[in-house]
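Peer 1: Residues per chain, in single letters:
Number of protein chains: 2
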Amino acid sequence: MSKPCCAIDVHTHVVPAHLPDQLAEFGDIAWPSIRHTDSCHAKVIIRGKNYRDIENACWDVPRRTTEMAGMDVGSQVLSPMPELLSYWLPPKPAQILARHINETIAEMVRAAPDRFHGLGMIPLQDMDLAIRELEYVIKSLGLSGVEIATNVNGVPLGHASLRPFFAAAASLGAAIFVHPLRPAGMDRLVGPANLEQVVAFPCETALAVASAITGGLMQHHPRLRIAFSHGGGAFGQVLPRLQHAWSSFAAVKAAVTEEPRLAARRMFYDTLVYDPTALRFLIDSFGLSQLMVGTDYPFTIMDRQPTVRVAALGLSDADADRLLFGNARRFLGLV
Amino acid sequence: MSKPCCAIDVHTHVVPAHLPDQLAEFGDIAWPSIRHTDSCHAKVIIRGKNYRDIENACWDVPRRTTEMAGMDVGSQVLSPMPELLSYWLPPKPAQILARHINETIAEMVRAAPDRFHGLGMIPLQDMDLAIRELEYVIKSLGLSGVEIATNVNGVPLGHASLRPFFAAAASLGAAIFVHPLRPAGMDRLVGPANLEQVVAFPCETALAVASAITGGLMQHHPRLRIAFSHGGGAFGQVLPRLQHAWSSFAAVKAAVTEEPRLAARRMFYDTLVYDPTALRFLIDSFGLSQLMVGTDYPFTIMDRQPTVRVAALGLSDADADRLLFGNARRFLGLV
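Taken in order, these protein sequences are the chains called C and U. Using my numbering, read the first sequence as starting at 1 and increasing by one per residue. Using my numbering, read the second sequence as starting at 1 and increasing by one per residue.
The hints are simulated quantities; they were obtained by calculation from the structure and are not laboratory data. The structure presented is a predicted model; accordingly, all values stated were derived computationally and were not measured. Note that the Cβ used here is the ideal one computed from N, Cα and C, for glycine as well. Careful: at least some of the hints might be erroneous.
[As the list claims (entries may be wrong)] Far from chain U by the CB rule (all over 12 Å, computed), these chain C residues:
no., residue
1, 30
2, 110
3, 157
4, 275
[What the hints assert, rightly or not] List time: in silico DSBU-like cross-link candidates among lysine-lysine, alpha-carbon distance up to 35 Å:
no., chain 1, residue 1, chain 2, residue 2
5, U, 49, U, 92
6, C, 43, U, 253
7, U, 43, U, 92
8, C, 139, C, 92
9, U, 92, C, 253
10, C, 92, C, 43
11, C, 92, C, 49
12, C, 43, C, 139
13, C, 253, U, 49
14, C, 49, U, 253
[Said to hold, decoys possible] Stretches of chain C that chain U covers, calculated by requiring three or more beta carbons in the stretch to come under 8 Å of a beta carbon on chain U:
no., segment
15, 93 to 106
16, 111 to 125
17, 162 to 172
18, 209 to 216
19, 280 to 293
20, 315 to 321
Isolated chain C, as found in the complex:
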C-alpha cells in the first residue's frame, strides 16, 4: 500500500475569519462580509443576503490539520471559496479584497508550512491589476499559484483576451487551479438552488476545458501548469466527441491544431468525482499522470474518503503514490 499520510488534497477552500469593511467610497457593490454567530460558525453575507453558512474550518489552522489527518490527507492546497473571486466588483475593490484573502492564505501557510500550500486570487476583470497581483502572490507571498474561475464575467478561459494572464502565469511558474463559478445553463435547472453547484458546475467546467483546448491554451503556453476541479467536470464525455469532430470537420481541425485527446493530457484534473467508475473513466480519459486528489474540504459536498477511493482502484504502489501526491507535486512546481 501507498503512504496515505502523504496525500496532497489540491481542492480545499478558505474563507477568512474576517474581511475588511466595505469602503464607503465604492458605493453599492457585492462586497462580502463575515457575520460570526458563535466561536465556530459564521455566515458569508453578500448584499445583505446569507450566501453560505460556514464553520471555522474555513480559516482555523489547528482544526484543518486535525481534520485532514482524519481524512488520510497529509497536506492541503488552500484556495479561496470561489464566490470570493468577485470578478463582478469594480477592479479597485476587487484588488483590495484579493490582497486581503491572499495575505490570509499566506498566513495560514506560514502557520503550518508542512501542511499547506497556497493558491491566491487575482482581479481578472482588470488584466493589469491581475498580473500585478499575480506577481505579488508568487514573488512576495511565495504562494504556489492562483485559483481562477471557469469564466470571467462570461468570458471563457480559452478566450484570447485572457492570454496575457496565462503568459504571466507560465513565466512566473504559477500553478493555476480552475473552479466553476456563475455557470452557464442556470435556466436549464429544475429543482433546489444547490443544483447550481451539483448539475451546472460540471457542465460549466466541461465548457471551460473545451475552450482551453479549442483556444489552443497549452500551445500558446506550453509550460503552463493548469488543473481543473471536479475531475474536469463533465469534459471526459465531451472529449471523444471533440476528438471525433476534429477528424470529421475541416473547420475544427483547422482551428484546433493539436489533437484534442493529446491536448487534454497536458492539463491536470482533480479526482473529485465520488465514484469508482467515474474515477476510472478519468484515468482512462486523461491519463493517471494528470490526476490529483481533491475533496472540496470543508464544504458540505466534500468527499470525506479521498484516499479510500484511490486505494479501491487496485493500482500499483507507484501509481497510487502518483495519484496521492506525485502528480500534485508536479502541478505545484515542487519537483
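We have chain C already, so just place chain U on it with the hints.
Peer 2: Chain U in isolation, oriented as in the chain C frame:
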C-alpha cells in the same frame, strides 16, 4: 457473434426533399426551405441563410436502405433534423410544418416498412396543438413516437409546464427521442461554429437529463419511454455528483424523491459516443439494458461503424443483441 443485420439505428435524421412555401399570411418568420443544387444535393435555407448543405440521403429511401446495409444496420428510426423542430415559430405555421414533416416520415416508413420506424415532431410551443399533433402522429400515421428537443425555447424538459405532453405521450404509448437544440453555454465556446454541436450539445443534453431526474419525470409518468441522444451527452459524469449531492444535501433529497442513479436507469440512451471507453462508461452508468445504437446518419458527424463498436465490447451474444436491437424494440414499443 450477434446478428448485425438486425441492428436498429435509433438516431438518424430526415429532411424532406421539399417543404411547403411559407404562407404569406405568416410574415417574416424563420421558415425553412430546401434549395436543390443538383439531383443529389440541396441546401436548407432559413431566413435567407444556408443553414446546412444536405444530400439526398436525407429523404431518399433507396439510398438510405443501401447505405444502412453498408453500416450493418437493419433498420433506421427516422426523426426530423432537429433544427426543423422550430419551437420559435408561431404555433400555427409550426403545426403546418410539423404536419408536412410527419407526413413525409410516414411516407418513408410506408415505402419500406421493414427498414424504417418513424418519429414525428410536434409544436411544443403550444401545448394543445402539440398534443393534438401527437395524437395524429400515433393514431393516424402510426409512427412510433416523436423527437423533441432538450428545451423548448429555453424551458428544460423536466419543467412542470411540459407534463401534459409527457402524460399524453405515456398514455398514447409514444416513444420520445430527445435531441439537443439551441444549447446552453454558447457564450462559452471558443472556435468554429461547429462547436455548437460538438461541445455545447453534450452539455445541453446533460442538463436536460438532469432536469428530467430532478423534475421527477419518470415518477410522474412511470410508463413513459424516453431516450436521450449522444449517450445522454455528458450526463454520465454529472450523475455521480448528483447522486452524492442527493445523499449530502437535504434540499436535494427532499426535491428528488427517487435516487438519481436509479432514475437514470429508467430512461434510454443511444450509443453515439465514438469511443470504446466512453461506451463502456455508459454501460456502467446507465445499464446495458438502456442503451441502443445511434449514428446521426446521414450528417457529417455520423458514426459509420456502430456495430463494430458494439462488437469490440466483447459482450455475450445475448447482451450484444440487446444493444443492437433488443433495447430499441422495447423503446419503440415493439415488444
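Peer 1: With the threshold set at 35 Å, check whether the alpha-carbon distance from residue 49 of chain C to residue 253 of chain U stays at or below it.
Peer 2: holds, 24 Å
Peer 1: Please verify the coverage claim for the segment 280 to 293 of chain C: does it have three or more residues whose C-beta sits within 8 Å of some C-beta in chain U?
Peer 2: holds (count 3)
Peer 1: Checking a non-interface call: every C-beta of chain U should be farther than 12 Å from the C-beta of residue 275 of chain C. Is that right?
Peer 2: violated, 4 Å
Peer 1: Closer than 8 Å Cβ to Cβ for three or more residues is the test here. Does the segment 315 to 321 of chain C pass it with chain U?
Peer 2: violated (count 0)
Peer 1: Is residue 139 of chain C within 35 Å of residue 92 of chain C, Cα to Cα?
Peer 2: With a Cα-Cα distance of about 21 Å, the restraint between residue 139 of chain C and residue 92 of chain C holds, given a limit of 35 Å.
Peer 1: Taking the closest pair, is the beta carbon of residue 30 of chain C still more than 12 Å from chain U?
Peer 2: holds, 21 Å
Peer 1: Within the segment 93 to 106 of chain C, is the number of residues with a Cβ closer than 8 Å to a Cβ of chain U three or more?
Peer 2: violated (count 0)
Peer 1: Please count how many residues of the segment 162 to 172 of chain C have a CB within 8 Å of a CB from chain U and say whether that reaches 3.
Peer 2: violated (count 0)
Peer 1: Hint check: residue 43 of chain U vs residue 92 of chain U, CA-CA at most 35 Å. Holds or violated?
Peer 2: holds, 25 Å
Peer 1: Against chain U, does residue 110 of chain C hold up as non-interface, every C-beta pair farther apart than 12 Å?
Peer 2: holds, 33 Å
Peer 1: Check whether three or more residues of the segment 111 to 125 of chain C sit with their beta carbon closer than 8 Å to a beta carbon of chain U.
Peer 2: violated (count 0)
Peer 1: Holds or violated: residue 43 of chain C and residue 253 of chain U, Cα atoms, limit 35 Å.
Peer 2: Roughly 23 Å between the alpha carbons, so the hint for residue 43 of chain C and residue 253 of chain U holds.
In this structure, the earlier hints numbered 3, 4, 9, 15, 16, 17 and 20 are contradicted, and the remaining ones agree with it.
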